[in-house]
Amino acid sequence: EAGVAQSPRYKIIEKRQSVAFWCNPISGHATLYWYQQILGQGPKLLIQFQNNGVVDDSQLPKDRFSAERLKGVDSTLKIQPAKLEDSAVYLCASSLEDVRLGQPQHFGDGTRLSIL
Amino acid sequence: EDQVTQSPEALRLQEGESSSLNCSYTVSGLRGLFWYRQDPGKGPEFLFTLYSAGEEKEKERLKATLTKKESFLHITAPKPEDSATYLCAVPPTPYSSASKIIFGSGTRLSIRP
Chain A
1 EAGVAQSPRY KIIEKRQSVA FWCNPISGHA TLYWYQQILG QGPKLLIQFQ NNGVVDDSQL
61 PKDRFSAERL KGVDSTLKIQ PAKLEDSAVY LCASSLEDVR LGQPQHFGDG TRLSIL
Chain B
1 EDQVTQSPEA LRLQEGESSS LNCSYTVSGL RGLFWYRQDP GKGPEFLFTL YSAGEEKEKE
61 RLKATLTKKE SFLHITAPKP EDSATYLCAV PPTPYSSASK IIFGSGTRLS IRP
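Residue numbers (my numbering), protein chains in the order written: chain A, 1 to 116; chain B, 1 to 113.
In short, the hints are calculated from the structure, not lab data. Backbone N, C-alpha and C define an ideal beta-carbon position, used for all residues, glycine too. The reader is advised that the hints may include incorrect statements.
Claimed, not checked - Okay, the calculated bits of chain A under chain B, using three or more residues with CB under 8 Å as the criterion: (1) 42–49; (2) 61–71; (3) 95–109.
What the hints assert, rightly or not - Dumping the calculated DSS-like pairs for lysine-lysine here, alpha-carbon to alpha-carbon at most 25 Å: (4) K42/B to K44/A; (5) K44/A to K69/B; (6) K42/B to K68/B; (7) K42/B to K69/B; (8) K100/B to K71/A; (9) K15/A to K83/A.
Only chain A is shown next, with the shape it has when bound in the complex (with noise of 0.2 Å):
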C-alpha cells in the first residue's frame, strides 16, 4: 500500500514569506494529523482532522498557521507570515480511524522548512 505523501521535501523562505505544505494520506484512513517536530524533540501536534473536520487544532498558531482538508482526502497546510522559530520539520500522517481508540498513525517523511 501507498504510504503517506508530503510535498516540498524541502523549502527555504525568508521570515514574514507564506509557504504551504501538501499531505495526501494512505488511501481509506479518515484521520488525518499535521505535527511539528523541531530538531531533538519529538513531534508536536498541530491539527488533527476526522474526515474534513477539525477534531483537534488547540496548539495550532492561527494568527499565522492555517490547515484545510478537502473533500476529505488531501489537506494542506500554511503559514503566513513565516517566524524563525517555524524552522522545523512539518511531518504528516493518517489513521485508520482516531488514535484515541489505539489505532497507529503512519508518517510521511514531511517537509524540512527554513527560514531566513
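With chain A's structure known, arrange chain B on it following the hints.
For chain B alone, coordinates are given in the frame of chain A:
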C-alpha cells in the same frame, strides 16, 4: 499532568551488545502505547502497538514489553542498521488530562560496527 518520558536520551552500543530503551508514562486508563523508529530525514516508522500490561511484541531484533507504568524496547545483538531514534507515544484516554497524543522526546541509538 500526563507525561511520557524516554531514557536514555542517547545510547551508543557496540555491534552485538544488547540493551534496552525505556518509556515511562503517567497516563491513566492506557488505550495503547506506540513505538516508532525514525531515521534522519525521514518520518517516524510504526513498529508496535502494545495495549495491556504483560503484552510483548517482537520484530527481528526488537522486542517491546509493557507494564502498568512503563514500556521497554529490548534490542538483541544489534547491527549498525538499527541505528536510529526510537520514539514512544501514548494516545489520550477518557481518564487522562491530555487531549491529544503525547510523544516522548526519543532515544538516539547508535550502533558501532
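- Among all the numbered hints in the text so far, which are the ones the structure does not match? 2, 6 and 7
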